[in-house]
Amino acid sequence: MLATLLIVFREIFEAGLIVGIVLAATKGVPARGIWIGFGTIAGVAGACVVAAFAGEIGQLFQGSGQELFNATVLMIAVVMLAWHNIWMASHGREIAQDMKRIGAEVAAGDRPLFALAVVCGLAVLREGSEVVLFLYGVLTAGGTSLPSMALGGALGVLAGMAVSALMYRGLLAIPARYLFRVTSGLITLLAAGLAAQAVAFLQQAGYNDTLTFTAWDTSWLLPEDSVVGRLLHTLIGYTDRPSAAQLVVYVLTVAVILGLMGGQRTRMLRTAPSPAVTSRS
Amino acid sequence: MTLPRLLSASLLVLTVTVAGAQLVAAESGISVTIKDHKFTPAEIHVPAGKPAVLTIKNEDGSVEEFDSSALKIEKVIAGGGEGSVRLRPLDPGRYPFMGEYHADTAQGVVIAE
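Chains A and B supply the protein sequences, listed in that same order. Just so you know, we're using this note's numbering here: the first sequence kicks off at 1 and counts up by one. Just so you know, we're using this note's numbering here: the second sequence kicks off at 1 and counts up by one.
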């Protein structure tokens, strides 16, 4: 039971952290519950499909289907997160002004919720498919009694959601005027971490042979398998032994997102007197 | 930057990466078998500084995930199936791995020397 609880908890927690950040980043947006709820449910459904076809996916691309699938899912999430941040950079000012003028509800409605719903869906899909595979494996193998497994799984889900909710509450404790800056920063690092993870999958499948040497080794200081290590791994992509390629991609992702955000902001400032022109970019 | 442009740029990067990549070449291949949720051999020796290909065969009926944060490998192996992963050139040292779904018994280590 304990093993089931731990595995389910870990996966739910990893997906839950991402959903928590997204929820914090969309605080005050009216329709966010529907979008993110729908994304999450679609993620659960997707997880079941992926788990059911795990063998078939793995056979694709000379046995590298699983790695390419994971890398693709991760990269889509990276693009969606980047897009959200860039959009916020160009519209954040408007939103802040409108908030003062007419209240948050109307102004904040036009956020790229679609992108963030996709991010939540993909996070749930990736982690959830591992849970489904695991539970299915336990079921078919027999041995462990079903009730104890069900109990472990249920407790794992609850514990994972509880910790994610705590983290969401923690983010909301940040004063409103800093909140979006913090969530933008978190989303940038989250995206960079996911991009670095995608590199690891490509490396594992043999698609990348360059810069495979280890950039540093902090496994003695903060092992990735420890609680804090896992937390940081999920949040900002911490890895105790990153390859140089991962490091390069991480830094590049941060640089590109910040660069595009900065570019949007300058453009907004330049055209600030006529907000009608800049409503969409 | 609009979403379509961002998407197509990323797709281009991904395509170039995949197209320009080499598939797993015929390097020193190592086999490891999962049976009764245990690895055989549980201790794998590889030369340090050289890439290697690890083929994992799952002789159990249930699915297993070969997992190692040290090796940066995560691979689901279906029951009765097998899968290959590429190990990057490793510095000398010990790199533990496990079967995530049966971590109490499925433990092993890669030793690079």
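Hints listed in this document are in silico derivations from the structure and should not be mistaken for laboratory results. Just so you know, these numbers come straight off a predicted model, no measurement behind them. Ideal Cβ placement from N, Cα and C applies to all residues, glycine included. Some clues are possibly wrong.
Stated by the list, open to error - Example chain A residues on the side facing chain B (calculated, C-beta under 7 Å, incomplete):
(1) 52
(2) 56
(3) 65
(4) 133
(5) 140
(6) 154
(7) 200
(8) 204
(9) 214
(10) 215
(11) 224
Stated by the list, open to error - In silico SDA-like cross-links for lysine to any residue, where the CA-CA straight-line distance does not exceed 20 Å:
(12) 35(B) / 96(B)
(13) 38(B) / 135(A)
(14) 50(B) / 210(A)
(15) 38(B) / 3(A)
(16) 38(B) / 50(B)
(17) 57(B) / 211(A)
(18) 50(B) / 211(A)
(19) 35(B) / 135(A)
(20) 57(B) / 65(A)
(21) 38(B) / 139(A)
(22) 50(B) / 212(A)
(23) 50(B) / 216(A)
(24) 50(B) / 35(B)
(25) 35(B) / 140(A)
(26) 27(A) / 175(A)
(27) 50(B) / 215(A)
(28) 50(B) / 209(A)
(29) 50(B) / 27(A)
(30) 57(B) / 55(A)
(31) 50(B) / 217(A)
(32) 57(B) / 61(A)
(33) 27(A) / 173(A)
(34) 35(B) / 136(A)
Outcome of the hint check:
no.: 1; hint: 52; result: violated (11 Å)
no.: 2; hint: 56; result: violated (9 Å)
no.: 3; hint: 65; result: violated (10 Å)
no.: 4; hint: 133; result: holds (5 Å)
no.: 5; hint: 140; result: holds (6 Å)
no.: 6; hint: 154; result: violated (18 Å)
no.: 7; hint: 200; result: holds (4 Å)
no.: 8; hint: 204; result: holds (5 Å)
no.: 9; hint: 214; result: holds (6 Å)
no.: 10; hint: 215; result: violated (11 Å)
no.: 11; hint: 224; result: holds (4 Å)
no.: 12; hint: 35(B) / 96(B); result: holds (18 Å)
no.: 13; hint: 38(B) / 135(A); result: holds (19 Å)
no.: 14; hint: 50(B) / 210(A); result: holds (13 Å)
no.: 15; hint: 38(B) / 3(A); result: holds (16 Å)
no.: 16; hint: 38(B) / 50(B); result: violated (26 Å)
no.: 17; hint: 57(B) / 211(A); result: violated (29 Å)
no.: 18; hint: 50(B) / 211(A); result: holds (13 Å)
no.: 19; hint: 35(B) / 135(A); result: holds (19 Å)
no.: 20; hint: 57(B) / 65(A); result: holds (17 Å)
no.: 21; hint: 38(B) / 139(A); result: holds (19 Å)
no.: 22; hint: 50(B) / 212(A); result: holds (10 Å)
no.: 23; hint: 50(B) / 216(A); result: holds (18 Å)
no.: 24; hint: 50(B) / 35(B); result: violated (28 Å)
no.: 25; hint: 35(B) / 140(A); result: holds (16 Å)
no.: 26; hint: 27(A) / 175(A); result: holds (12 Å)
no.: 27; hint: 50(B) / 215(A); result: holds (16 Å)
no.: 28; hint: 50(B) / 209(A); result: holds (11 Å)
no.: 29; hint: 50(B) / 27(A); result: violated (49 Å)
no.: 30; hint: 57(B) / 55(A); result: holds (13 Å)
no.: 31; hint: 50(B) / 217(A); result: holds (18 Å)
no.: 32; hint: 57(B) / 61(A); result: holds (18 Å)
no.: 33; hint: 27(A) / 173(A); result: holds (12 Å)
no.: 34; hint: 35(B) / 136(A); result: holds (18 Å)
Of the numbered hints listed earlier, those contradicted by the structure are 1, 2, 3, 6, 10, 16, 17, 24, 29.
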